[in-house]
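Residue numbers (the working numbering), protein chains in the order written: chain L, 150 to 325; chain C, -4 to 174.
Among the hints, a few may not be true.
[Unchecked claim] On the chain L side, residues computed to face chain C include the following (Cβ under 8 Å):
(1) 246
(2) 287
(3) 290
(4) 291
(5) 293
(6) 305
(7) 311
(8) 315
[As the list claims (entries may be wrong)] Quick look at which bits of chain L chain C covers, simulated, 3 or more residues with Cβ under 8 Å:
(9) 220 to 226
(10) 294 to 303
Read the hints as simulated data drawn from the structure, not as lab findings. Note that beta-carbon positions come from the ideal geometry of N, C-alpha and C, so glycine has one too.
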Amino acid sequence: MKRLRAIAFILIFLLSGLFIYVAEDIPPLGDPMAPPIKSVKLFSMKMEQIVPLLNQGRIPRELSKELVKRGLPLPSHIEKIPGVKGEWDAFITKEEPHYAKEEKYYWIKQKGGEVEVSRYAFVVRWIEKGLKETAVPNMVTYGLADYRGYDTLGETTVIFTAGVSVILLLRRRSRL
Amino acid sequence: MKEGGQERNIIVETVARVMIPFIQLFALYVIIHGAGGPGGGFQGGVVFASALILMVITFNLAGGRKRFPESINTLLSSLGIYIYGGIGLLALFFSLGAAQYLNYGFIPFTTLFEENRALAMDFVEIGIGVTVMAIITSIFFDLAQKERSGKKEEEGSSSWNGSLQKSLQNTTTGSSSSS
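This is chain L alone, in the form it adopts within the complex:
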């Protein structure tokens, strides 16, 4: 009985934690001005020597040294985001058949006296390049059937397994 109570207490604690974690993302309960999670912040650096190099489209040596130290892939080139002051996109090389060999990877942002380096989430590619890559206008469908094709195959197999187990448990003496 005591152990059950302890387990129940732990479960309630974990569930309330999960609830808070989920409820933070609901706009009326959390921060209404929170931006969608499009990037993950990696680190920030001193800005004096970096910014002119970034504006020229060259990769600063300090930046690549920091990236190597953290085990992150090195950018192949850097572009200024048009229309925004003090923000840059860094691209990395990748190997995927039939598509452009470079992908937007780092988001470099000038913030106060420092330069902040973030990594783009997969959602950014999903939103920006999905229509171009799959020729399907529905974002949910190309996510479900193409980018996550293995996942959907597994889901269909789960449904099939459910049906087969119902047949095995409930069907009697009838021809299959």
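We have chain L; now place chain C onto it with these hints.
Same frame as chain L, but now just chain C:
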């Protein structure tokens, strides 16, 4: 008149007879429309299965099984996954050694890589819809039949088919005698 749930309700039967074709058409629309708007295989399959279930509830279980027999049901329930996995295997073959399983762009439906992906996605949705429809119908039939066979086993009949036919005969004779 009311024994075995075989009561005829003229309003329900008429409404179901009118609605079922439209529900089925809507289900096919949802499956095919999955690439262009809201919809997809799972939803369309469930809507199609609901049309079949409505038919079975309105008319009787034996008639529903006659129109959608067990053999075809079992065949369809695995056929959907075969379509899905087959599309993936086609991509594997046509990628010529690059081993791109489920990368639909390599299947040569058209000359454009992106259009191939869009078309193969439609086939995948059809596969999902077929499996979901067949499995949900199968689960419904199994649950409904289990209840009936349990009821009849108390009377000592051997097989489900025989018991159902007996019950149908009973109801028909009972209704005719009462009316």
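Taking the hints in turn, this is what the structure says about them:
no.: 1; hint: 246; in the structure: holds, 6 Å
no.: 2; hint: 287; in the structure: holds, 6 Å
no.: 3; hint: 290; in the structure: holds, 5 Å
no.: 4; hint: 291; in the structure: holds, 7 Å
no.: 5; hint: 293; in the structure: holds, 7 Å
no.: 6; hint: 305; in the structure: holds, 5 Å
no.: 7; hint: 311; in the structure: holds, 7 Å
no.: 8; hint: 315; in the structure: holds, 5 Å
no.: 9; hint: 220 to 226; in the structure: violated (count 0)
no.: 10; hint: 294 to 303; in the structure: holds (count 6)
Hint compliance for this structure: hint 9 alone is broken.
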